[in-house]
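Novice: Each chain, letter by letter, is given below.
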Amino acid sequence: MAARQSLAFALEPRASATVDDFIADLAWAPAGDALAIAGGEGKVALAKVAADSLTLDVVGEHLLGTLALAWQPRGKTFASSGQDGSIGLWGPDGKLVRRWKPAPAATQALTFSPDGELLASAAGKIVSLWTPSGEPVHAFAPAAATAVGLAFDKPGTDLGVALNGEVAVHRIQKTRYETRRYKWPAACLTVNFSGNGRFLASGMADGTLHFWNRSTGKDSQMRGYDGRVELVGWSDNSKYLASSAGNDVVLWDFSGKGPEGTKPVVLSAHTERVGAFAWQPGGDHFVSGGRDWRVALWRPGKTPRPLDVHLQDSDVTAVRWSPDGKRVAVGERKGGVTVFELVAR
Amino acid sequence: MSVTPSRVPVTVLTGFLGSGKTTLLNRILSEKHGKRIAVIENEFGEVGVDSELVIGAEEELFETNNGCICCTVRGDLIRILGQLMKRRDKFDYILIETTGMADPGPVAQTFFLDDDLKNQFQLDAIVTMVDAKHFEQHVDELNEPAEQVAFADLVLLNKTDLVDADALERIERRIRGINGTAKILRTKNADAPIEKVLNVGAFDLQRALAVDEAFLEPEYPFEWGGAYQLDAGTHRLKTRGEHDHHAPGHHDEGHGHEHHDHDHAGHSHEDLAIAILPLPAATPAELGGAIEAAVRAFAEPATVVPCHGTIDGPGHHAIDISHDGADFELTLKTPGAYAVFCEHHPSGCGLHFEGQKPAAERKFASHHHEDDISSIGIRDPRPLDPTKLNQWLDYLLKTRGQDIFRMKGVLNVKGEERRQVFHGVHMMFDAQAERPWGGATRMNNLVFIGRGLDRAELEAGFESAVARQ
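In order, the protein sequence lines correspond to chains W and P. Mapping the first sequence onto our numbering, position 181 (from 1) lands on 172, and the numbers just tick up by one. Counting the second sequence from 1 gives a position; our numbering is that position plus 7.
Hints were generated in silico from the structure; no laboratory data involved. Fair warning: this is a prediction, and the values are worked out from it, not measured in the lab. No residue lacks a Cβ here, since even glycine has one placed at the ideal position from N, Cα and C. Some hints could be false.
[Said to hold, decoys possible] Across the chosen pairs, the derived CB separations fall in these ranges:
1) Arg95(P) with Val257(W): 37 to 45 Å
2) Asp106(W) with Ala438(P): 30 to 38 Å
3) Lys97(P) with Asp217(W): 18 to 26 Å
[Stated by the list, open to error] Using 30 Å as the maximum straight-line C-alpha spacing, the simulated BS3-like pairs for lysine-lysine come out as follows:
4) Lys125(P) with Lys174(W)
5) Lys325(W) with Lys405(P)
6) Lys405(P) with Lys340(P)
7) Lys325(W) with Lys42(P)
8) Lys174(W) with Lys405(P)
9) Lys97(P) with Lys325(W)
10) Lys92(W) with Lys97(P)
11) Lys125(P) with Lys116(W)
12) Lys116(W) with Lys39(P)
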């Protein structure tokens, strides 16, 4: 009987461009035809993405650094925010539609609800909701600390806010708002709802990863990280929770009875700190990028080794899959932006 | 592969309310010094200079997950530092201002939190500004001023134009009593040269440990000793006269409460205990060799000498210096070298031999501890056993980490060709191998600064870490 040859996947670079800035984050347009680019030094850029080219324009700036980017689901506008406190709304051609300051503090985080009807912002201790055109909808009571991370759950009814000492989850039901608090006495850096709605995870500055069972409220703590857990992400099917605080990516397996008491899967390919990672939408591929200038493609659960590795020109600082899960945009410390395509060989 | 970038030096600026931190920051930001300095200030808008390099921070504390309540770090700083590192034209410097009431511990400890922070940032120094005019009052009433001094690598003694020379001496001694290793720089309007505030290299331990070891030694019943070459016959020992009591440049205008400070100083100087001892020679070595004899002399009852009285030769005397311009006759039968040990530093009352200068002098840590925070130093050449050393430090920090504010040391570890250097803040510390000893004398040099430190306990712990032959 002939052995069945499985397909080998790889990443192939298709297009690249450079922004004169540190690439802090990237956001794909829903149609996959544009990329918004956040510069750590402040630039906001927009790249038109074609099959084999990136046409890039710097469209604006946030003095002292761009901190967050969000593209409206199903829409044609994206939002940026920065150290200068302002939120910018940008049209499809990169034209500034509106710019405003929600509070006299840096705006650390932005996110759209999954239906694209609400934009949430975190400026200092103030978390606010806006219409997609920037009209105010609601401002929550000031938090006890600076809000550093925001995420909606999949149905879009719950907004999680990462704070020093807790993750606050605001339930949004038309004009009624209720808040539930998941407390841990450390700086919560991320907020990550599992796609199946069962868990809420948060990476902490004290070198732990927490996940709460949302129906029981039970808090589970994962330790053993080298430092701050700044990178956390659920696989599309909610099977794996990926995390990193050093050179390795640590995957907790939530299938069966969950990860408690189990040993995690460790993805080791980077020789320096992992700077960004992302799960493939609608698939089981995973891409990581590190300060070792490498981009690695993985298929966790199939093989513990990377399927493909590329060497970039500087530290990899941002990694984002296109919404269709077919391409990956990679950003670098020195300003390089490369679009790879996932190919089967 | 990526080249590890050099670490960005960080200065932490502390100081009680009104000590002059903002004045210093404004000056640093407006001066043309060619350095790119990012300032993280404790709230928005305090610094009056328009600069794209000023970021406001709100103190957000959290405890690290190691079960120790003193290991508190600043979450907001971690976030801001991360964002600053996204600038490719890196800063030459980062300066972090803390609030007036802040404990500098959490800020400093943040830089020890994990390897990523340790690899990117170098804590250069903790600089504490002290308001000379109000320090004594604040330090008596509150804990924070003494703690801020205890953490310091550099103390900027500011507003020196608002107090007289006696008060400055007294304040410096008090600062030294708390922290025996910090450098002290006197300033008027926070006018310290920028190069002396930044790039202090406090964690260059060789330099940090070289200063004022007197304050790290065991405590003595005297603060000062001098060696003199004296002829037989009568000598005059005098205090400062009434007319030169004020320091040059001191202004009384507008400071009507100054006299109160003088009264306060006067009381503590009423009787001054001194011991006069013959020496084989007026040299630093012989002065050092007379310390034990001086301690014994101070334990004997003192002969009371009234103002303008006569000191009848060597021995322990209590001289009355309650009046300005007090003077005493000292009669010596034989010429030779003599040591004079004083209960307080003689500069406080201006005590001096008329027409004589000491051939050698030395400062000592006195038994007069106004503050429960002090520094203890251990110098010992014997090589240490690395396992026992770790056991001792682990135990020490677990049990006393909360009381030990700063800990620094250069260690002679058995089998190690290089100096082992460590420094820490409370329980968090960093240790690394530095330059080889080469031909230099191997020496352990440790300093602990903290509250209620017990020298016997620290010495016993050190002893337990000495390698067996």
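Novice: Looking back at the hints listed earlier, which ones does the structure fail to meet?
Specialist: 1, 2, 5, 6 and 12
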